[in-house]
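Number of protein chains: 2
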Amino acid sequence: MDKNAPIGVFDSGVGGLTVAREIMRQIPNERIMYFGDTARLPYGSKSKDNIIKYSRQIIRFLQTENVKAIVVACNTASALALDEMQQEFDLPIIGVVKPGAKVAAETTKNKRIGLIGTDSNIRSGVYTKYIKSLRPDVCVFEKACPLFVPLVEEGWLHDSITEQVAQRYLSELKEKQIDTLIMGCTHYPLIRSTLGKIMGDNVNLVNPAYETAIELKSLLNRDNLANRCVIDSPSSMYRFYVSDAEEKFKEFANSILPFDITMTEQINIEQY
Amino acid sequence: MDKNAPIGVFDSGVGGLTVAREIMRQIPNERIMYFGDTARLPYGSKSKDNIIKYSRQIIRFLQTENVKAIVVACNTASALALDEMQQEFDLPIIGVVKPGAKVAAETTKNKRIGLIGTDSNIRSGVYTKYIKSLRPDVCVFEKACPLFVPLVEEGWLHDSITEQVAQRYLSELKEKQIDTLIMGCTHYPLIRSTLGKIMGDNVNLVNPAYETAIELKSLLNRDNLANRCVIDSPSSMYRFYVSDAEEKFKEFANSILPFDITMTEQINIEQY
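Protein sequences, first through last, are from chains R and V. Just so you know, we're using this note's numbering here: the first sequence kicks off at -1 and counts up by one. Just so you know, we're using this note's numbering here: the second sequence kicks off at -1 and counts up by one.
Incorrect hints may have been included.
Because identical chains share one entry, a pair is satisfied inside a single copy or across any pair of copies.
[Claimed, not checked] Heads up, simulated DSBU-like pairs for lysine-lysine below, C-alpha to C-alpha not over 30 Å straight-line:
hint, residue 1, residue 2
1, K1, K246
2, K130, K248
3, K51, K100
4, K127, K246
5, K1, K172
6, K109, K96
7, K127, K248
8, K174, K51
9, K141, K1
10, K96, K248
11, K248, K51
12, K141, K246
13, K248, K46
14, K246, K174
15, K1, K248
16, K46, K246
17, K100, K46
18, K130, K246
19, K246, K51
20, K195, K1
Treat the hints as calculated values from the structure; they're not laboratory data.
So here's chain R without its partners, still in its complex pose (with noise of 0.2 Å):
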């Protein structure tokens, strides 16, 4: 395996540019080839068989460049398909959500743990799953909460609007005396400083995104496969490939990453 040759990256849309963002900061010299789901987006509402058809394509259109590991940086597609792509597929892939239950099992204090999360995420019930077979003893509070991610999209986000349908959803997590709230899609932790004030100095927010970069850095050190070259600029080092509509992520991407974001490719995902 080339060490020189990038990560691959995806997520439904922009979400996964969080985790993008967390790998560029912990690992400044991989170079990142990072494919965002544009056309079939949502995830978080779509079927297990259909995540596990749509991860699989991008996987296939990811080794055209022959990355050298894959990060899932979608919570929907790591709970749903991260298995079997693991199984089906000869590569070293990392999911967001094991990373971030671990260490949600790991540091809760009084073994109350919240997730929040999307639908189809909140349903599979993959993240629940994971923190009791860490730790047993540990409860789990589940609250799906479909409208933070547009209003993310919609860059609403610090903003008072946002603030109510957070008190809304996060209501009844608060009156579980949680220690540790899980931001269980990637959007969610541009939200952080909202759901942060919402549940207080005494709830630890875990963003899986951070874990999942560490993960990623102690895998390629496993495996001999860490990138030693000399860090290049952005437009050497990232690339970024949608299927649908280039120019709404690319003024997202800007807004969240910390450089701006010169090219964006099409491609037909259904071909691969």
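Position chain V relative to chain R; hints supplied.
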């Protein structure tokens, strides 16, 4: 053409059910074959090329049951794909844009019309172009309202948060002194009371679903295609198909239709 054949009605998901509902009300002796493209929703953020491809696949699928006419019950697909579909297929196809635009152009008194809809629909400019072609001296003021669909799908129809979001979206249209507002997305009639309250009694809300059912009725009569059958039970008159997530579709459908859907069939739309 068989007069007893169903009308094909399609949308990206559940929104088109407001159009189906109007057809059921106004032409109760017509059968309906409804398709909701729940695997690829929402259409509102997708490109013209993909919307054309999706519409073509759906019409091919609807033709497997020999539909006698097709209603594109989706504003985005009506705006972006109707002309192409009418050229490609040899059966009557109508959309929701023209009937809605026509009645708005005909009924405005002060010649100031507001239009709300999804991103793609507004960006397409199709409503405005059609209104101007009918009545060039009319001013059309457009506003994309991307949060309305997720709010409706969350079921927050009569809700203080939905009202605040609507206040924010509609404030610039209120300043324009419009006397007519086109609800340019099939979900919006479900929050009609909130929109009406904010716009006030002097603004006429145009529901393209209503106008589309009128146009369908006159088209069927004109082409001698109207069904003369005896009205039967909904389960034999109406059939529902989706490309993903049947349960959620059924739940939503049952909340807005005057009867309960008992069966929904999931099909692989990419095969068509």
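Verification of the supplied hints:
Proximity of K1 and K246 under a CA criterion of 30 Å is satisfied in neither setting, with 32 Å inside one chain copy and 45 Å between copies. For the identical chains of this complex, K130 and K248 are neighbours neither inside a copy (39 Å) nor across copies (32 Å), given an alpha-carbon limit of 30 Å. Taking identical chains as interchangeable, the C-alpha atoms of K51 and K100 lie at most 30 Å apart only when both belong to the same chain, with a minimum of 27 Å there against 42 Å between chains. In this assembly of identical chains, the alpha carbons of K127 and K246 lie at most 30 Å apart only when taken from different copies (23 Å versus 36 Å within one copy).
Proximity of K1 and K172 under a CA criterion of 30 Å is satisfied in neither setting, with 46 Å inside one chain copy and 59 Å between copies. Proximity of K109 and K96 under a CA criterion of 30 Å is satisfied intra-copy only: 17 Å inside one chain copy versus 58 Å between copies. Taking the closest pair of Cα atoms, K127 and K248 come within 30 Å of each other only across two copies (28 Å); inside a single copy the shortest separation is 36 Å, beyond that limit. For a Cα distance limit of 30 Å, the shortest separation of K174 from K51 qualifies neither inside one copy, at 37 Å, nor across copies, at 48 Å.
In the homo-oligomer, the alpha carbons of K141 and K1 never lie at most 30 Å apart, since the shortest distance is 40 Å inside one protomer and 49 Å across protomers. Taking identical chains as interchangeable, the C-alpha atoms of K96 and K248 lie at most 30 Å apart only when both belong to the same chain, with a minimum of 29 Å there against 32 Å between chains. Proximity of K248 to K51 under the C-alpha cut-off of 30 Å is found in both arrangements, the shortest distances being 25 Å within a copy and 24 Å between copies. Taking the closest pair of Cα atoms, K141 and K246 come within 30 Å of each other both inside a single copy (29 Å) and across two copies (17 Å).
For the identical chains of this complex, K248 and K46 are neighbours both inside a copy (28 Å) and across copies (18 Å), given an alpha-carbon limit of 30 Å. Only between protomers do K246 and K174 lie at most 30 Å apart by alpha-carbon distance; the minimum there is 27 Å, versus 38 Å within a single protomer. Only within a single protomer do K1 and K248 lie at most 30 Å apart by alpha-carbon distance; the minimum there is 28 Å, versus 50 Å between protomers. Taking the closest pair of Cα atoms, K46 and K246 come within 30 Å of each other both inside a single copy (27 Å) and across two copies (14 Å).
When the C-alpha separation of K100 and K46 is checked against a cutoff of 30 Å, the pair qualifies only within one copy, where the shortest distance is 23 Å, while the shortest distance between copies is 43 Å. Proximity of K130 and K246 under a CA criterion of 30 Å is satisfied inter-copy only: 28 Å between copies versus 39 Å inside one chain copy. Within a single copy, K246 and K51 get their C-alpha atoms as close as 25 Å, and across copies as close as 20 Å, so both meet the 30 Å cut-off. Taking identical chains as interchangeable, the C-alpha atoms of K195 and K1 are never at most 30 Å apart, the minima being 42 Å within one chain and 62 Å between chains.
Hints 1, 2, 5, 8, 9 and 20 from the list above are not met by this structure, while the remaining hints are.
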